[in-house]
Amino acid sequence: MGSLDSYLPIFFMVVLGIAFASLSFGASKLLAPQRPTSAKEAPYECGIVPTHEPARRFPVRFYLVAMIFVVVDIEVIFLFPWAVDSQSLGRFGLVEILVFAASVFVPFIYLVANGALDWGPIKRVRPVESQPDRTSSSTVRHVGPPNDQAA
Amino acid sequence: MKLLAVLTIVTPHVNYVAILPELILIGGALLLLVSGQLVFAKIPTAFYSIGSGAIAAAALVASLVIWHDVQARGPFTTIADSVAVDGFAIVFLVLVSCILILASAIANDFLVREGIDGPEYHVLALLAGSGAMLMAAANDLILIFVALEIMSIPLYILAGMDSRRRESGEAAIKYFVLGAFSSAIFVYGIALVYGATGSTNLPQIASYLNTNIITSNGVLLAGLGLLLVGFGFKVSAVPFHMWTPDVYQGAPTPATGFMTALAKAGGFAALLRVFFSTFGVLRTDWQPLLWAIAIVTLLLGAILGLVQRDVKRMLAYSSINHAGFILVGLAAATSQGISGSVYYVFVYAILVLGSFAVITLVGGKGDENHDLDAYRGLGRRQPVLAFAFALLLLGQTGIPLTTGFLAKLYVITAAVRAHSYALAVIAMLSAAIAAAFYLRLVFLMYGVKLPVGSGGDEGALSLPVTGEPDDGLDPTGSVPTGVNIGRVVVPVPTAVAIFVTVAVTVVFGIWPGPLVDFVHAAHFLF
Numbered sequence: 001m002g003s004l005d006s007y008l009p010i011f012f013m014v015v016l017g018i019a020f021a022s023l024s025f026g027a028s029k030l031l032a033p034q035r036p037t038s039a040k041e042a043p044y045e046c047g048i049v050p051t052h053e054p055a056r057r058f059p060v061r062f063y064l065v066a067m068i069f070v071v072v073d074i075e076v077i078f079l080f081p082w083a084v085d086s087q088s089l090g091r092f093g094l095v096e097i098l099v100f101a102a103s104v105f106v107p108f109i110y111l112v113a114n115g116a117l118d119w120g121p122i123k124r125v126r127p128v129e130s131q132p133d134r135t136s137s138s139t140v141r142h143v144g145p146p147n148d149q150a151a
Numbered sequence: 001m002k003l004l005a006v007l008t009i010v011t012p013h014v015n016y017v018a019i020l021p022e023l024i025l026i027g028g029a030l031l032l033l034v035s036g037q038l039v040f041a042k043i044p045t046a047f048y049s050i051g052s053g054a055i056a057a058a059a060l061v062a063s064l065v066i067w068h069d070v071q072a073r074g075p076f077t078t079i080a081d082s083v084a085v086d087g088f089a090i091v092f093l094v095l096v097s098c099i100l101i102l103a104s105a106i107a108n109d110f111l112v113r114e115g116i117d118g119p120e121y122h123v124l125a126l127l128a129g130s131g132a133m134l135m136a137a138a139n140d141l142i143l144i145f146v147a148l149e150i151m152s153i154p155l156y157i158l159a160g161m162d163s164r165r166r167e168s169g170e171a172a173i174k175y176f177v178l179g180a181f182s183s184a185i186f187v188y189g190i191a192l193v194y195g196a197t198g199s200t201n202l203p204q205i206a207s208y209l210n211t212n213i214i215t216s217n218g219v220l221l222a223g224l225g226l227l228l229v230g231f232g233f234k235v236s237a238v239p240f241h242m243w244t245p246d247v248y249q250g251a252p253t254p255a256t257g258f259m260t261a262l263a264k265a266g267g268f269a270a271l272l273r274v275f276f277s278t279f280g281v282l283r284t285d286w287q288p289l290l291w292a293i294a295i296v297t298l299l300l301g302a303i304l305g306l307v308q309r310d311v312k313r314m315l316a317y318s319s320i321n322h323a324g325f326i327l328v329g330l331a332a333a334t335s336q337g338i339s340g341s342v343y344y345v346f347v348y349a350i351l352v353l354g355s356f357a358v359i360t361l362v363g364g365k366g367d368e369n370h371d372l373d374a375y376r377g378l379g380r381r382q383p384v385l386a387f388a389f390a391l392l393l394l395g396q397t398g399i400p401l402t403t404g405f406l407a408k409l410y411v412i413t414a415a416v417r418a419h420s421y422a423l424a425v426i427a428m429l430s431a432a433i434a435a436a437f438y439l440r441l442v443f444l445m446y447g448v449k450l451p452v453g454s455g456g457d458e459g460a461l462s463l464p465v466t467g468e469p470d471d472g473l474d475p476t477g478s479v480p481t482g483v484n485i486g487r488v489v490v491p492v493p494t495a496v497a498i499f500v501t502v503a504v505t506v507v508f509g510i511w512p513g514p515l516v517d518f519v520h521a522a523h524f525l526f
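Going down the list, the protein sequences come from chains A and B. Counting from 1, one number per residue, gives the positions in the first sequence under our numbering. Counting from 1, one number per residue, gives the positions in the second sequence under our numbering.
Honestly, the hints are just simulated from the structure, not real lab data. All the pointers check out, no bait thrown in.
Far from chain A by the CB rule (all over 12 Å, computed), these chain B residues: (1) LEU178; (2) ILE185; (3) ILE295; (4) LEU429; (5) TYR446; (6) PRO491.
If we take Cβ atoms under 7 Å as the criterion, some of the chain B residues that face chain A in the derived model are: (7) ILE9; (8) THR11; (9) LEU30; (10) LEU33; (11) VAL34; (12) GLN37.
Using C-beta positions, here's what the derived DEER-type ranges look like: (13) A:ALA66 with B:GLY218: 41 to 51 Å; (14) B:VAL10 with A:MET67: 29 to 39 Å; (15) A:ALA39 with B:GLY218: 51 to 61 Å.
Built from N, CA and C at the ideal position, the CB exists for glycine as well.
One chain only, chain A, in its complex shape (with noise of 0.2 Å):
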C-alpha cells in the first residue's frame, strides 16, 4: 500500500477535523448550564426587537436576472481564453467560439421574447381557470403583525 501512504496526512486531518468538532459540541452540551430565556432565544440578541416576520416572498424576476448574469458571465469566462489565444487557435478556434456563442444567444433570445426582462405588470401567459374554493380568504396569507387574530 505503497502509494496510499501519501493520503495517511489527509486521513488524519479527516480524524482531527471530526473529532474536534464533536468534541466541542459534546464538551458544551454537557458543561454549559442550560438556562434559556426569551431573549436568548431571540435571532438577534441585540439590536432592535424584532415585531413580526419579514415578508417571505420576493418577486421571482430577481433570481431570473441573476441566472442571465450567471449564464452571460461564464460566456465571458469562455471568451477570455480565446480572445487570449486567438492567434494560435486559428480558424478552427474562431468557428468554434461562434458556434458558442451563438447557442448561448439562442437561448437569451427565448428569454426576452418570454419577458424575462421586461419590468412592468407581469402579463398572463396562460389562461387561469376559475376555482371557486380560492378565495382571497383562503390563498392570501397575512404576514403582517398578528392584530387580526385576537380581533
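Given the coordinates of chain A, work out where chain B should sit on it, guided by the hints.
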C-alpha cells in the same frame, strides 16, 4: 522577450459526420426554442411536437448513415479520441432516436390535454436525448461526465414540468438534489481513476491496465466504486434507488416514461462501456460487487412492487427490477452477457415508453388517476387499449413470444454460461415475484366486475381505497379517495405510439432475428 509567443496549439480533427446525430438534436432543439418566439401569434403545441419528431427522425437517419460508414470502414474515434464511433454506440444512437420520436408523439397529447404550451418540453427532451447519445459514444471519462450532465439536467426539469401539481416540483427537487450528489461522487471517481492510471481516455486506461500490474490498487478500486455509485444512481440500482418511486410518481407521466427509457439507455450504455470494455482486466475485482448489487436490485424491485397501489410507483419498482436484470448481463462479464444487456435495454426502453403512454391516457386530465382502481374493468370499457396495455405488461413480465422473454432469456443464459448459477436462479425467482404484480394489473383490467353505475360515460364514483398502504413516502401525504373510471380519451398520435411499441414487442418476440442481429452488431471499439 516574447511573452506572448504564438504557440502552435494542435487542434483536434473533428469528424462532424460522426457526431451528426448529437449535432442535429442540439441544433434542432435551439431552432425549436427560438422558432416560436420570433412570431407574435400563438403557435399550436402540435407544431413543436411535429418539429421535435422530425428532428429526432433526422437524427435517426444520421445514425443509420454512420452505421453504414462503420460497417464499411470499421469503428473509429474522432475529436482527439474522445468520441468512439463503433457498433455499440450506434445501437444506442438508434435507440435514443426511436425513444425521442415515440416520446414526442406521446408528449404532444399530454401537453394539449394539460394546456402546457410552448416548446420547452420538447426542447428539453431533445437536449436530454443528445446527452444520452453522447454517453453511449463517449470514449473519455470527462466526456462521459459532461454527457451525463447534458442528459440529467433536462430530465430534472422535465420531472418538474407540470408546475400546477406540487408533487411534480417535489419530484424535480428530489431528483436534482440526489442527482447532483451522485454526479459529484462520479467526478470524484473519475479523479481517483485518473490518479491511478494517468489518463481519462478509456482506451489509454485499458492499455495501461493491460501493460502494467498495479500492486496496490486501492485508489483505482475506490475510483471504480465511486463510478459505480454514479452510474447506479442513474440506472436506479438498489442502494442508490431511493429517488426512483417518488420521482416516477411525481413527474408528469409522459416525462416519467421518457426519463425511464432515456436514463436507462444512456446510463447503461456508459456503464457497460466503462466496466466491460475499459476495466475488463479488473473483472475479478468488480464482478462480486456487481453480483451483490444485481441480487439486491432484482429482489427489492420485485418485492416492493407487490405492495404498491399507485401504478406509477409500481412501474418504478418494476424498473428497478429490470435494472437488476440488465446488471445480471454485465455481472457475467462475457461478450454474450453484454449483448444480452444491450438487447434488454433496447427492449425495455420500448416497453416502458408504451406502458407509460397508456398510464398517461388513463391518468386523465390533471394526471392524477393512477390508483389501481382506475384500471378495474378497463378491458370491458376499452378493449383495445386494455389489450395493448396487457401485452406491454406481459412483455415486461417476460412471457414467451414477447421481446421481454428473449431479453430475460439472454441475460440469464449468459449468467449460467459464466457459472454464476445463484444469480441466474435469483433472477428467475425475482421474475416470478414481479409477474405477480404485472398479472394482478392484467387481471384487474379483465377479471373484476365493474361497480354499479359505471357504463361508459362520466361515471365518476368514489371507491374505497383498500389494500396495503404504500411503503415509501407519499409526496403529498394523501391518497386519492375518488377514482374516476370513465372512458379515457385516446388521441391518435399516442395510439400510434402505443401501437408501435406493442408491435415491436410482439413482432420481434415471434420473429427475433432482425433485432437480435442488430444488437449483436454492438461491438466495442477495443
